[in-house]
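Novice: Chain residues, written in single-letter form:
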Amino acid sequence: MIELLALPYWQETSIKLGLALVVIPTTSLILVYLFLFKMMAFMQSRLGPNETGPYGTLQLIAEAIKFLQKEDINPAQADRRVFRLAPVVVLASTFLLYVVLPAGPDAVVQNLDTGVFYAMAVSSLSVLGILMAGWASANKYALLGGLRAAGQLIAYELPLILAVMGVVIQAETMNLQGIVEAQATGEIFGIGVIGNPFILTQFLAFLIFMIAAQAELTQTPFDMPVAETELVGGYHIEYTGFRFLLFFMAEFGTAFAFAALASVMFLGGWWIPGFDVDNNILNILGPGVMLGKILLVAFFIFWVRFTYPRLREDQLQKFAWKVLIPLALVNIVLTGIFKVVF
Amino acid sequence: MVSESAEETQLLPDDVREAMLESLSEALGDALVESHLRPHEDLWLRVRADRWQDVAQMAKSLGYTYFGFLSAIDWEIAPEGRYENTEFDGELEEEDSEPVVQSTSTGYAGGDTRFQVIVQLQSPTEHTAFHLKTDVGEDNSIDTLRDIYAGADWHEREIHEMFGIGFRGHPNLHPLYLPGEFEGHPLRKDFPLLARHVKPWPGVVDIEDIPEHLEAELEAQVMAAFEAAGGGE
Amino acid sequence: MTTTSDRDQLAYISSQAADARVNVELNTGDMTLNIGPQHPATHGTLRIACRLDGEQVIMAEPMMGYMHRGYEKLCEVRTYPQCTTLINRIDWLGSFANEVPFILAAERLMEVEAPPRAQWIRTILFELSRIANVALFLGDMGVQLGALTPVFFAFRDREHVLNQIEAITGGRFHPNFDRIGGLKDDIPKGWIEETKSVMVKMRTFCDEMEDLLVGNEIFQTRCRGVGVIPADVALSYGMSGANLRASGVDWDLRRDANPGLAWDQIDWRVWTHPDGDSFARYWVRLQETREATYIVDKLLDGIPSGPIMAKVPRIIKVPAGEAYISTENPLGEMGYYIVSKGELGPFRVKIRTPSFNNISVVPWVMKGVYVPDVITILGSLYFILGDIDR
Numbered sequence: 001m002i003e004l005l006a007l008p009y010w011q012e013t014s015i016k017l018g019l020a021l022v023v024i025p026t027t028s029l030i031l032v033y034l035f036l037f038k039m040m041a042f043m044q045s046r047l048g049p050n051e052t053g054p055y056g057t058l059q060l061i062a063e064a065i066k067f068l069q070k071e072d073i074n075p076a077q078a079d080r081r082v083f084r085l086a087p088v089v090v091l092a093s094t095f096l097l098y099v100v101l102p103a104g105p106d107a108v109v110q111n112l113d114t115g116v117f118y119a120m121a122v123s124s125l126s127v128l129g130i131l132m133a134g135w136a137s138a139n140k141y142a143l144l145g146g147l148r149a150a151g152q153l154i155a156y157e158l159p160l161i162l163a164v165m166g167v168v169i170q171a172e173t174m175n176l177q178g179i180v181e182a183q184a185t186g187e188i189f190g191i192g193v194i195g196n197p198f199i200l201t202q203f204l205a206f207l208i209f210m211i212a213a214q215a216e217l218t219q220t221p222f223d224m225p226v227a228e229t230e231l232v233g234g235y236h237i238e239y240t241g242f243r244f245l246l247f248f249m250a251e252f253g254t255a256f257a258f259a260a261l262a263s264v265m266f267l268g269g270w271w272i273p274g275f276d277v278d279n280n281i282l283n284i285l286g287p288g289v290m291l292g293k294i295l296l297v298a299f300f301i302f303w304v305r306f307t308y309p310r311l312r313e314d315q316l317q318k319f320a321w322k323v324l325i326p327l328a329l330v331n332i333v334l335t336g337i338f339k340v341v342f
Numbered sequence: 001m002v003s004e005s006a007e008e009t010q011l012l013p014d015d016v017r018e019a020m021l022e023s024l025s026e027a028l029g030d031a032l033v034e035s036h037l038r039p040h041e042d043l044w045l046r047v048r049a050d051r052w053q054d055v056a057q058m059a060k061s062l063g064y065t066y067f068g069f070l071s072a073i074d075w076e077i078a079p080e081g082r083y084e085n086t087e088f089d090g091e092l093e094e095e096d097s098e099p100v101v102q103s104t105s106t107g108y109a110g111g112d113t114r115f116q117v118i119v120q121l122q123s124p125t126e127h128t129a130f131h132l133k134t135d136v137g138e139d140n141s142i143d144t145l146r147d148i149y150a151g152a153d154w155h156e157r158e159i160h161e162m163f164g165i166g167f168r169g170h171p172n173l174h175p176l177y178l179p180g181e182f183e184g185h186p187l188r189k190d191f192p193l194l195a196r197h198v199k200p201w202p203g204v205v206d207i208e209d210i211p212e213h214l215e216a217e218l219e220a221q222v223m224a225a226f227e228a229a230g231g232g233e
Numbered sequence: 001m002t003t004t005s006d007r008d009q010l011a012y013i014s015s016q017a018a019d020a021r022v023n024v025e026l027n028t029g030d031m032t033l034n035i036g037p038q039h040p041a042t043h044g045t046l047r048i049a050c051r052l053d054g055e056q057v058i059m060a061e062p063m064m065g066y067m068h069r070g071y072e073k074l075c076e077v078r079t080y081p082q083c084t085t086l087i088n089r090i091d092w093l094g095s096f097a098n099e100v101p102f103i104l105a106a107e108r109l110m111e112v113e114a115p116p117r118a119q120w121i122r123t124i125l126f127e128l129s130r131i132a133n134v135a136l137f138l139g140d141m142g143v144q145l146g147a148l149t150p151v152f153f154a155f156r157d158r159e160h161v162l163n164q165i166e167a168i169t170g171g172r173f174h175p176n177f178d179r180i181g182g183l184k185d186d187i188p189k190g191w192i193e194e195t196k197s198v199m200v201k202m203r204t205f206c207d208e209m210e211d212l213l214v215g216n217e218i219f220q221t222r223c224r225g226v227g228v229i230p231a232d233v234a235l236s237y238g239m240s241g242a243n244l245r246a247s248g249v250d251w252d253l254r255r256d257a258n259p260g261l262a263w264d265q266i267d268w269r270v271w272t273h274p275d276g277d278s279f280a281r282y283w284v285r286l287q288e289t290r291e292a293t294y295i296v297d298k299l300l301d302g303i304p305s306g307p308i309m310a311k312v313p314r315i316i317k318v319p320a321g322e323a324y325i326s327t328e329n330p331l332g333e334m335g336y337y338i339v340s341k342g343e344l345g346p347f348r349v350k351i352r353t354p355s356f357n358n359i360s361v362v363p364w365v366m367k368g369v370y371v372p373d374v375i376t377i378l379g380s381l382y383f384i385l386g387d388i389d390r
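Chains as they are written, first to last, in the numbering used here: chain S, 1 to 342; chain V, 1 to 233; chain U, 1 to 390.
Keep in mind that the hints were calculated from the coordinates and are not lab data. The hints are all genuine.
With a straight-line cut-off of 20 Å between C-alpha atoms, the simulated EDC-like cross-links for lysine to aspartate or glutamate are:
{"no.": "1", "chain 1": "V", "residue 1": "Lys60", "chain 2": "U", "residue 2": "Asp232"}
{"no.": "2", "chain 1": "V", "residue 1": "Lys189", "chain 2": "U", "residue 2": "Glu76"}
{"no.": "3", "chain 1": "U", "residue 1": "Lys73", "chain 2": "V", "residue 2": "Glu76"}
{"no.": "4", "chain 1": "V", "residue 1": "Lys189", "chain 2": "U", "residue 2": "Glu343"}
{"no.": "5", "chain 1": "U", "residue 1": "Lys189", "chain 2": "U", "residue 2": "Glu166"}
{"no.": "6", "chain 1": "S", "residue 1": "Lys38", "chain 2": "S", "residue 2": "Glu63"}
{"no.": "7", "chain 1": "U", "residue 1": "Lys367", "chain 2": "U", "residue 2": "Asp232"}
{"no.": "8", "chain 1": "S", "residue 1": "Lys322", "chain 2": "U", "residue 2": "Glu217"}
{"no.": "9", "chain 1": "U", "residue 1": "Lys196", "chain 2": "U", "residue 2": "Asp297"}
{"no.": "10", "chain 1": "U", "residue 1": "Lys367", "chain 2": "V", "residue 2": "Asp147"}
{"no.": "11", "chain 1": "U", "residue 1": "Lys367", "chain 2": "S", "residue 2": "Asp314"}
{"no.": "12", "chain 1": "U", "residue 1": "Lys73", "chain 2": "V", "residue 2": "Asp190"}
{"no.": "13", "chain 1": "S", "residue 1": "Lys318", "chain 2": "U", "residue 2": "Glu55"}
{"no.": "14", "chain 1": "V", "residue 1": "Lys60", "chain 2": "V", "residue 2": "Glu22"}
{"no.": "15", "chain 1": "S", "residue 1": "Lys140", "chain 2": "U", "residue 2": "Glu55"}
{"no.": "16", "chain 1": "V", "residue 1": "Lys60", "chain 2": "U", "residue 2": "Asp250"}
{"no.": "17", "chain 1": "U", "residue 1": "Lys367", "chain 2": "U", "residue 2": "Asp30"}
{"no.": "18", "chain 1": "V", "residue 1": "Lys189", "chain 2": "U", "residue 2": "Glu72"}
{"no.": "19", "chain 1": "S", "residue 1": "Lys140", "chain 2": "U", "residue 2": "Asp30"}
{"no.": "20", "chain 1": "S", "residue 1": "Lys140", "chain 2": "U", "residue 2": "Asp53"}
{"no.": "21", "chain 1": "S", "residue 1": "Lys38", "chain 2": "S", "residue 2": "Glu51"}
{"no.": "22", "chain 1": "S", "residue 1": "Lys318", "chain 2": "U", "residue 2": "Glu217"}
{"no.": "23", "chain 1": "U", "residue 1": "Lys73", "chain 2": "V", "residue 2": "Glu183"}
{"no.": "24", "chain 1": "U", "residue 1": "Lys73", "chain 2": "U", "residue 2": "Glu343"}
{"no.": "25", "chain 1": "S", "residue 1": "Lys140", "chain 2": "U", "residue 2": "Glu61"}
Full structure from sequences and hints, please.
Specialist: Here it is in structure tokens:
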């Protein structure tokens, strides 16, 4: 569709960038309202916000305004530059992640050939931001949170990437659009009605990806860095106002992005059975389909978050190194064998 | 039903506690100064202050391994009196057929000195309990029990800051409740209750009489509701 | 020529040397961390000063007194009925249970026995306050560990019990209902049936907590083997209640030293657990809550008829003497040592609170645990600040 308009490169890019910049806060808004406010409230037998706007839909806008008008407090002993830069780094990694997420055959900001590789690399930038926040806050609780985050996030990068390897082997490409096409045109033992959604053939990889994503997002049961009842906020304890809003938006934006990655790689992305992959209709339907699949994946992420207690740091590490990584390696071997044999 | 059996058991001798008293007196020997037994209620033993640790050790070896509490009693009468001469107290004393007379005794297993330290120990296997008392000497200090009963650590710290009784052998007697700069020992009887000096106790003030013009109205309302509900049903 | 084993040995020595150099250059010392006094995990203003080596605790020292209200001194200038208003507020989650030992001690000195109906209703209210208190703990332990949802169910279901307490006493949190010689009022019409249905709801709540938390693998991994307190240490520190029974000591004051209430009139069992770790303490309290609902059901069936208050003079003067009565309160063993000199108020009241002894074990049990385990152990020991600080 964009080809029809045949705009020069810079105009096309700026339109795409503008859309992306609007989409990102909106997506975190949707996720926060639906899951953090309403779903969590209903599961805990209470109502959640229901005053601001119809059914409390404008609550997050009210909260954003509240954050914006707060005083910008920097701790006296904090490292000024690093303290101010840390939330920007975390948010930047989220923004960069949205560059490759496809919402339709052509509805993607930049269709990189190394899409998966780029996405994994960029998402690990947030570790740097968290470490900066923990160090620069000049607060022992923040330091503890930062140290825990460093260990945890680095440990869980490996299962994340190894799980994705299985998908890449099966799709024979790292291009995210290519992965969607592989799922659309593939067949399971000759039955091609629903294509080949990798959640069925790569079920182990899907599980490992979801667990590792939960850890990358520092959600319970892996929220040691932000353990509220112990560290009272961990690495973002000293952030108020606008900077805290940046952390908050980054957390839910990244959750949305990881859910999008999961639905692209395992659930078939913007494709629904019954359409050709090149069909232009999918450029309009695609975002809706993607949203539906993302909400489904995010539902599970947040459901686990509200139900489970958290693991201790050493139990967390044991789980990653002794359970997840061997399982992911087994998955890769099996995928390779099946790929060659069948 | 409960009260009948209680009366019956009151008349019967308290075998359990009598046996306890015998075995404890035997074990303690000359450390025991006095004892008091209230049948089916409790047992008090008063021991010499210089044998305090030995007594506790013997009690623990006899099976009293559970540490109840350690506290102190200041037997001096508070110099400023108990009540602030309010209207309430005045009415109380007028109506009373027997005037309030404060007993001059110093409790069971009566104490000779101003301060008495009391420890309650229980036996988890026999389900029995008794109290150990001792009179604190002139130097206001006795030995610590924290090497025998670990729980005595904090109890002794509290008694030290509240009463000023020293515990020989306790490594850190710094205050438990009070801030560091607090002067004085609050639970002593000569330490005034500052709140009462700042504002005298008003007694019963928050019950006002119903104003007369409303009283008749209210009574009429109550009677009407009473009749409407069937009147005395 | 170096063989393989020589090379391994050299590698080992050089890595040790590198470690030593790092330690000297970086001077990795200890860190002092204050948990509290404002902290979501401590139930109130308790401050625990920890010296940490990385994430391991070398030494932990609780410091309290932020809420010390001086109850023992205040009781000396009040009459006996006036004291009960103060005592309600020691353990503010299960308030009726605080009044009972004090009133019983005063009754013992006066040689007055409350009528059987009053004793039975006292027992029922005692068990209701136990359920209200421990139900909150069952949900709160989840919050300490990160599971946010169970505590909301705890608050919601606790309201039913508080409604029942309010229906009979007029106050949800601080009933101030016990009087020397009996109770203030009789039970209202329909209260027995309502309370029975509330007990059914509380049993459902206990099953929910068992599903949500006890069976959860993460909960078990976090709690099993954490904060083990052997039985002799627990006895020596004077720990009581569920903490003691979770270390394997079969001792319950309701059964073994019944001060006259109605527990010996019905059948019920005492729950113990041999492990002595945080999981055991949670498990024992869960079973005790369920058992308390059964006790209330059985008691409701057999309340004897009769007066609710014995004949006591209007102005209460307690004869001279000393008395100590302790009962199995929700938090542990709570007792009042009353010294009376024959006047309108006590001469000296020593309040023996369970949480004071329960928390004195913290310096002993916290050596070498990780910071998250500090929170787990504190949560499982279950204290209330008003109980520690009085």
